[in-house]
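Undergrad: Listed below are the residues making up each chain.
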Amino acid sequence: MSGPGSSGHDSGGRSGPGMGPGSGASAPRPGGFSGPGGRRGRMGGGFGPPGHGMMIPAEKPRHFRRTLRRLLGELGPERPKIVLVMAVALISTAGTVFGPKILGTGINKLMDGLIGKELGRFLPAGTTHQQAVTLLQQSHNPLADLVAGTNAVPGVGVDFGALGMVLLGLTALYLTATFFTWVAWYTMAGVSQRTVYRLRRDVDLKLARLPLKYFDTHPRGDTLSRVTNDIDNIANTLQQSLTQMITSVATIIGVLAMMFWISPMLAAISLLVLPIAAGLTVLIARRSQKQFGAQWERTGVLNGQVEESHTGHMIVKSFGHQEDAIRRFDEENERVYDASFRAQFISGIIQPTMNFVSNLNYVAIGVLGGIQVASGTMSLGDVQAFIQYSRSFTMPITQTASIANLLQSTMASAERVFELLDEAEEIPDVDQPEVLVNAQGHVGLEGVGFRYAPETPLIDDLNADIRSGEVLAIVGPTGAGKTTVVNLLMRFYEIDAGAIKVDGIDTRHLTRDNLRRTFGMVLQDTWLFGGTIRENIAYGREDATEEEIVAAAKAAHVDHFVRTMPEGYDTVIDDDASNLSQGEKQLLTIARAFLANPQILILDEATSSVDTRTEVLVQQAMARLMKGRTAFVIAHRLSTIRHADEILVMDHGKIVEQGSHDELIARHGFYYDLYNSQFEEAIAEAV
Amino acid sequence: MPIGNLAAFLQYVMLILFSVMMAALIFIMVPRAAAAAERIQQVLDTEATLCDPDEPAEISDPHGVVEFRDVEFRYPGAQDAVLCNISFTARPGQTTAVVGSTGSGKTTLVNLIPRFYDVTSGSVSIDGVDVRQMRQEDLWQLIGVVPQKAFLFSGTVASNLRYGDESATDEALWHALETAQATDFVTEMTDGLGGEIDQGGTNVSGGQRQRLAIARAIVKKPKVYVFDDSFSALDFKTDQQLRAALRKETHDATVIIVAQRVGTIMHADQIVVLDSGEIVGKGTHEQLMETCETYREIVYSQLSREEVA
Chain F
640 MSGPGSSGHD SGGRSGPGMG PGSGASAPRP GGFSGPGGRR GRMGGGFGPP GHGMMIPAEK
700 PRHFRRTLRR LLGELGPERP KIVLVMAVAL ISTAGTVFGP KILGTGINKL MDGLIGKELG
760 RFLPAGTTHQ QAVTLLQQSH NPLADLVAGT NAVPGVGVDF GALGMVLLGL TALYLTATFF
820 TWVAWYTMAG VSQRTVYRLR RDVDLKLARL PLKYFDTHPR GDTLSRVTND IDNIANTLQQ
880 SLTQMITSVA TIIGVLAMMF WISPMLAAIS LLVLPIAAGL TVLIARRSQK QFGAQWERTG
940 VLNGQVEESH TGHMIVKSFG HQEDAIRRFD EENERVYDAS FRAQFISGII QPTMNFVSNL
1000 NYVAIGVLGG IQVASGTMSL GDVQAFIQYS RSFTMPITQT ASIANLLQST MASAERVFEL
1060 LDEAEEIPDV DQPEVLVNAQ GHVGLEGVGF RYAPETPLID DLNADIRSGE VLAIVGPTGA
1120 GKTTVVNLLM RFYEIDAGAI KVDGIDTRHL TRDNLRRTFG MVLQDTWLFG GTIRENIAYG
1180 REDATEEEIV AAAKAAHVDH FVRTMPEGYD TVIDDDASNL SQGEKQLLTI ARAFLANPQI
1240 LILDEATSSV DTRTEVLVQQ AMARLMKGRT AFVIAHRLST IRHADEILVM DHGKIVEQGS
1300 HDELIARHGF YYDLYNSQFE EAIAEAV
Chain U
-6 MPIGNLAAFL QYVMLILFSV MMAALIFIMV PRAAAAAERI QQVLDTEATL CDPDEPAEIS
54 DPHGVVEFRD VEFRYPGAQD AVLCNISFTA RPGQTTAVVG STGSGKTTLV NLIPRFYDVT
114 SGSVSIDGVD VRQMRQEDLW QLIGVVPQKA FLFSGTVASN LRYGDESATD EALWHALETA
174 QATDFVTEMT DGLGGEIDQG GTNVSGGQRQ RLAIARAIVK KPKVYVFDDS FSALDFKTDQ
234 QLRAALRKET HDATVIIVAQ RVGTIMHADQ IVVLDSGEIV GKGTHEQLME TCETYREIVY
294 SQLSREEVA
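As given, the protein sequences belong to chains F and U, one line each in that order.
Count the first sequence with this note's numbering and you get residues 640 to 1326, in order.
Count the second sequence with this note's numbering and you get residues -6 to 302, in order.
Hint data in this document are derived by calculation from the structure and do not stem from the laboratory.
Keep in mind that this is a model prediction, so the values were computed, not measured.
Backbone N, C-alpha and C define an ideal beta-carbon position, used for all residues, glycine too.
Hints may contain errors.
[Unchecked claim] Short, incomplete list of chain U residues facing chain F, as computed with Cβ under 8 Å: (1) P107; (2) F109; (3) F144; (4) F146; (5) S147; (6) G193; (7) K230.
When you get a sec, could you build the whole thing from the sequences and use the hints?
TA: Shown next as structure tokens:
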């Protein structure tokens, strides 16, 4: 198992250097299934146990502060907007905070009127409020204190005009608050989306600058999920949580202030309830958290098991393990049930408990408030307002708690994105690159040394001189690392020693773009993009004319086939090109190479999943393409190898022999064995 | 109206508003749940078409003679048959190879043996007993399949190899690995037989996966081996060594090989050439080189004329 195997045909597993089993420990598995330890909840697929949002154990970032600071830095350009959001959010919060108090004055007005009317029954009209109170006190009427606490005037009914004004004011207040809330959300949407837009752009630019090494050593799914899931996660948090955080904190402070303003004693009682509620919640949550953790873990295991036994369905069946698979599923399912039941049951206790505590609080306020109203030290409107406050007090607290949790997972996401942004980039092109046009195709390898990992030398002092039009064949058994040479030629990896020269120019003195345009590649892993066949062929040279495209297609024996397609050259190829066979895809990439007309070619002859007739076509097209060009061929065909000007024999990632066919045969070494086992016998027996 | 009623009224309004919000939420949730439930129901409602017979036939002393008799197979609702008029017999101690271009029905053909599908007419039988007459468990006990896509389970090398025979000893496992040419890389793994295998076997290369899948089938010691293009990820040298070792291992078993490479199948005792779902040639390499045009085409496309001559 060797070689980076990025685009290699010979290593199915991506077993690059430094990527042993399980090196992606922190990374989620690519694909929808969320294994234990992966990030759950946001991913689709599998059985997602229903859970309370705040109960999902958050993935913890390693450096919370540092990441937070950096994320805030990313928000830098939006600072004025954020200040605006904060201001607006504070105003709207003020609205909600003052609402109950104003409603309270309305109720007081109502109360004044009602009591005034009652007093009017036995007191003559024209008695003032003060006179009425004095009269009641003199007659030791128990209601004296109550009346003293109001502004009731005997005989004067409800002042509907004033009450109307209060209600109107209240409506206006709520309308303004709503409007400002809307402004805050609107502005924040812009802020978060623009920030995320920039972040996505940065990541995209970064991906273009990352060396192939990065992609060889990082699972594709991981990179993908950083670009999509993690950035989405950040966007959501910025959008929702930031605004919510501001309003929640402001609400808590505002409401507390109002409560103390109305009645310090009642406020103190309400606050006393808080630690009781919090303590109870923590007590229960701690238990449920453990169960939720178990629930997620077991679900992960179950999902993995389901995925496995379904993708390996045929094996499970033919090895008679169906019963066993069902039994294992049942066992796992039982465990998930167990953990989920406990988790849900325990967390189900939280809500009623909280309600109970809050109702106790309600009763206490009701009783104490009632006594105070009766004794005239507090108005009824204030009690009503206070009750409203104490009810709207718990919501922002739970909200803040859940945001804190969410923030953790967001920071973890941000950290992963930043990690990607901080990856080492490929060495930038030189400032004043030399320019290679109309290359002759003379490639010189001069004392080239290379290793993927510093401690395992792969290529040492490799010298080869391939003149224009010559063929260099790379041969070796499966997994010998034949793509390494390709990677070096194309500068996907940097050589450690020596130089590779094209027409005498060190490839490091060229821009990568220039270098790669000089080469044409036809690999077994054909790459076609979603678009028409014409666009795909013209990929190597955007300014190609229709005639040139057709000529290239003809040269690659693909013209006829394309014309049998319903839309001819305008036929759209899917993203994964599932509407073409492997051989047809390969022919198209050959056509692409014909059109680009590079002087130097890199070819992979392996055609394992191509049917025999197409293979003949591919073979012929490749032979024609190689004519007159310098070619590096990952060779599988005897004729190619025999006629190659130079042969590199590779094994275990290293170049073990080098020379022409005759020289190598005469040496009776590795190549000799390989040649005999692979071809000689086949030939002998085929006769 | 007493003032207390007003306070109570306000509380009630709040309660109602809250409940209405919850109800609205449920209105959103219910259709979602319904859609999900419907999809689950569809799966539950699917009737199994491959059932065990009420009175299963048993083979007391299995030899592993696989016989296809006038087999026709078409996918449900398909116009054309994938396979038709397929008749041949694969005998114990012999290797039967199936070749043909992509889409000629090779994989479908071998999938009929372990009864992954039922034939639409004709019959597939083992030792004269129609596979539909057997209990599927019994049938699978006789067959060792190495599918096109070598699939490994998460666990260890050993747990994967013991999939076919839980009681196999370590020696038996090493022996199977040796036959499958997998000793080298398993020895190189840090824990040898206890080496970790990721889900789907993603931490070993394609060729290694194939060799482990082959070793797994060997551990099972079945009467009938089915190799569905199982050597494709191996280089010629390994392929050749593996087949040589395999021949010793499977001397009294029936071996059925599907392959693209001529080198892989040339030595087979019997080669069945498929083209568009029909048998166009049957015989040994030499016979087919004489008589079968399609076979010649396949051979020549892989070894150029000069190499054959």
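Undergrad: If a hint holds in the structure, say so; if it does not, say that too.
TA: Here is what the structure says about each hint:
1. P107: holds, 5 Å
2. F109: Where the cut-off is 8 Å and the nearest Cβ of chain F is about 7 Å from F109 of chain U, the hint holds.
3. F144: holds, 4 Å
4. F146: holds, 6 Å
5. S147: Holds - the Cβ of S147 of chain U comes within 8 Å of chain F, reaching about 6 Å at its closest.
6. G193: Since the shortest Cβ distance to chain F is 7 Å, the answer is holds.
7. K230: holds, 4 Å
Hint violations for this structure: none, all hints satisfied.
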